[in-house]
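Fit chain B to the given chain A structure using the hints.
2 protein chains.
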Amino acid sequence: MLQDQTFLRAPGPTPVPDRVKHAMNEPMIGHRSPSFAQLFADTSERLKPIFGTTQPVYTLTASGTAALEAAVTNTVPKGEKVIVVVAGAFGDRFANICEHNGYPTHRLEVEWGRSVSPEDLKNTLQEHPDAKAVLLTYNETSTGVMHPIGELSEKVHQYSEALVLVDGVSCIGGVPGNMDHWNLDVLVTGSQKAMMLPPGLSFVSLSKRAEAKLTDGNPSFYLNLKAYQKQLENSMTPYTPAVSLIQGVKEVSEMMKEETLDHVFERHHLMKDMTRAGIKALGLPLLTSEEDASPTVTSVKETAEFKPDELRSLLSKQFGLTLAGGQKELKGKIFRIGHMGYCSPVDILTTLSMIEMGLKQLGVEIELGKGVKAAQEVYVQNV
Amino acid sequence: MLQDQTFLRAPGPTPVPDRVKHAMNEPMIGHRSPSFAQLFADTSERLKPIFGTTQPVYTLTASGTAALEAAVTNTVPKGEKVIVVVAGAFGDRFANICEHNGYPTHRLEVEWGRSVSPEDLKNTLQEHPDAKAVLLTYNETSTGVMHPIGELSEKVHQYSEALVLVDGVSCIGGVPGNMDHWNLDVLVTGSQKAMMLPPGLSFVSLSKRAEAKLTDGNPSFYLNLKAYQKQLENSMTPYTPAVSLIQGVKEVSEMMKEETLDHVFERHHLMKDMTRAGIKALGLPLLTSEEDASPTVTSVKETAEFKPDELRSLLSKQFGLTLAGGQKELKGKIFRIGHMGYCSPVDILTTLSMIEMGLKQLGVEIELGKGVKAAQEVYVQNV
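Residue numbers (our numbering), protein chains in the order written: chain A, 8 to 390; chain B, 8 to 390.
No lab work stands behind these hints: they were computed from the structure. As the structure is a computational prediction, the values presented were derived from the model and not from experiment. Take the hints with a grain of salt, since some may be wrong.
Same chains, same names: a pair is fine if it fits in one copy or spans any two.
Claimed, not checked - Heads up, simulated DSBU-like pairs for lysine-lysine below, C-alpha to C-alpha not over 35 Å straight-line:
id : residue 1 : residue 2
1  : 257       : 28
2  : 264       : 85
3  : 233       : 324
4  : 28        : 324
5  : 233       : 314
6  : 264       : 367
7  : 85        : 215
8  : 308       : 340
9  : 367       : 215
10 : 308       : 233
11 : 314       : 55
12 : 314       : 377
13 : 88        : 233
14 : 338       : 233
15 : 129       : 340
16 : 237       : 340
17 : 129       : 88
Bound conformation, chain A alone (with noise of 0.2 Å):
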């Protein structure tokens, strides 16, 4: 319509506020400068609330899957055995990791659009008690199903000795971190999610116990957390960061701040309700069970009526929509709206909108402005 206009609501990456890109575009500094130093030594403080640690959050200048495989080489001895839940496309890339560094690995497989039961958890770990470590994914983001992170970690510390590693890529900065007060041992996430920054972060925070697993000798030299842990004493990092993301943090971290953390939670939950309200009035099926949705993207399946890659590239192309696929087994059979980060309630209703007339011009029978609508019913009610 407008040339020019785009409305990104994929699950990563997310739209960059502009105070952020002003930020970004500071001059470039020297990484070993006092400067960098003290911007670093700030946003790596600010890290930690997001987390829900006092533990130091470390920041590597590479994307999510890069600090997952920090997380598991870095804790887990070569040769230990470790769990993975695989319920979607990066609970298996997170198993991918593992098997790829030659652990024995065991995938704890759930059906796609389903979260684990911590039950099933239970046994799995009393089958495997020589398990090193327990590796799960906070919010998958190719199904739209948040874990009861809080529940499996609290059965893994009750029936083993195992370490907790979590994938929070999708959903940190969105939903509360809660690393110390669930046990977490490693949690993880990246920049161009619910941080609404661009991507090409990582961040990586580990427990007492995790920090003490560490050792000069990871297999990588670049992801030896052991080397970011000495140069944070300094400020520093130990290869040259992305000074300009890290500028960057420091103004998502103060707009988190401003708006407050749990407001920014509060805003999550709300916008995952309203995205599902709106849905369910246009008689679509949702993926997930209310229970198990993520605050941070909501999976539609396709119907008779209609194929979700076409309504996307129609979306695409007539409004500059960006909405995800399906991936993997869900490759064309649902799509994802993404609503993290820079995403707020009004973004959900212009989302709904075009998703409606969409379909009405693929031929489905809904009724227009009846998700849109019930969206906005569900927003007065909740503030």
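For chain B alone, kept in the frame of chain A given last:
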């Protein structure tokens, strides 16, 4: 003087042109979208002439150190011997990467401030006929020495079957890559030096011979170049890339194309000549010989009259000028002037004039303006 004026003349990170900032401020796009594929196909193609190759150039979301680790771990089987030329802190880092990854590593140590002689390399090759790779630093950032990579590569190919792996981090984009012409097997660079971008990306290209060594089983999951190779065929990256920086790659390559690569290289040579002429005219000792001198960074030695770190500190406070100090064994003994990327002959005059005023204030007996004048003379003789 002017509160927020800064002059970043460190050998990386370097200033980012406004045009590039604007490009990086473009709306975020999904990394699995056709728009990204189009952008990435374009930037990957644009990097080839900068590398001097017709081979693919892979883009990693990580610092140069990660790409150097990828260079060796992807092309040299675990346990095989490597020769590393160590003539400064970055040769030392390249060797550390090898040692960390368990390669038997022969360090060919060269006095810091000098280039390695092709004859010495030949002798080392003959002493270590079992070496599977020779690791070279094109431009040693810590000393300001440029090694004769073409000649060195020729020696390696003449006397052995070893691969030639080259760290071009602090010069590619400012000097010819010449990868194909010199038969380099791996060439690596980073975004934050002569490439005029913020840090956060690194680039690596492999000869056909090196490419044939790629396997799925590389030690690191994140740095497995096979995955990058497969995805580049779809104009994608295997893991979420730093999209905004890649938007910047397009712009910097466009700027280089407009200026022409030949002129970019000439400008760097001219800036080197101006800097050296200015420093010599002030009677200060240069660390490197004319023959070894780097087009991207110049090191100046201490004298009885001044301490480099005092000069740097004064210039930083008074003018916002960032110069680099010495590293490791040169700590406190030199200062380094970066003249690469978004840096012009006029910037060299400004830098020299500030250095003159700083030296004067420290009581060094110099004639104000003499260095600037010598540099101006070089300029007018060369245009």
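To see whether the hints hold, each was checked on the structure:
{"no.": "1", "hint": "257 to 28", "verdict": "both (12 Å within a copy, 18 Å between copies)"}
{"no.": "2", "hint": "264 to 85", "verdict": "neither (40 Å within a copy, 48 Å between copies)"}
{"no.": "3", "hint": "233 to 324", "verdict": "between (48 Å within a copy, 33 Å between copies)"}
{"no.": "4", "hint": "28 to 324", "verdict": "both (26 Å within a copy, 27 Å between copies)"}
{"no.": "5", "hint": "233 to 314", "verdict": "between (48 Å within a copy, 33 Å between copies)"}
{"no.": "6", "hint": "264 to 367", "verdict": "neither (41 Å within a copy, 47 Å between copies)"}
{"no.": "7", "hint": "85 to 215", "verdict": "both (20 Å within a copy, 33 Å between copies)"}
{"no.": "8", "hint": "308 to 340", "verdict": "within (6 Å within a copy, 66 Å between copies)"}
{"no.": "9", "hint": "367 to 215", "verdict": "neither (55 Å within a copy, 52 Å between copies)"}
{"no.": "10", "hint": "308 to 233", "verdict": "between (44 Å within a copy, 34 Å between copies)"}
{"no.": "11", "hint": "314 to 55", "verdict": "neither (42 Å within a copy, 40 Å between copies)"}
{"no.": "12", "hint": "314 to 377", "verdict": "within (21 Å within a copy, 74 Å between copies)"}
{"no.": "13", "hint": "88 to 233", "verdict": "both (22 Å within a copy, 26 Å between copies)"}
{"no.": "14", "hint": "338 to 233", "verdict": "between (39 Å within a copy, 24 Å between copies)"}
{"no.": "15", "hint": "129 to 340", "verdict": "within (32 Å within a copy, 61 Å between copies)"}
{"no.": "16", "hint": "237 to 340", "verdict": "between (47 Å within a copy, 25 Å between copies)"}
{"no.": "17", "hint": "129 to 88", "verdict": "within (16 Å within a copy, 47 Å between copies)"}
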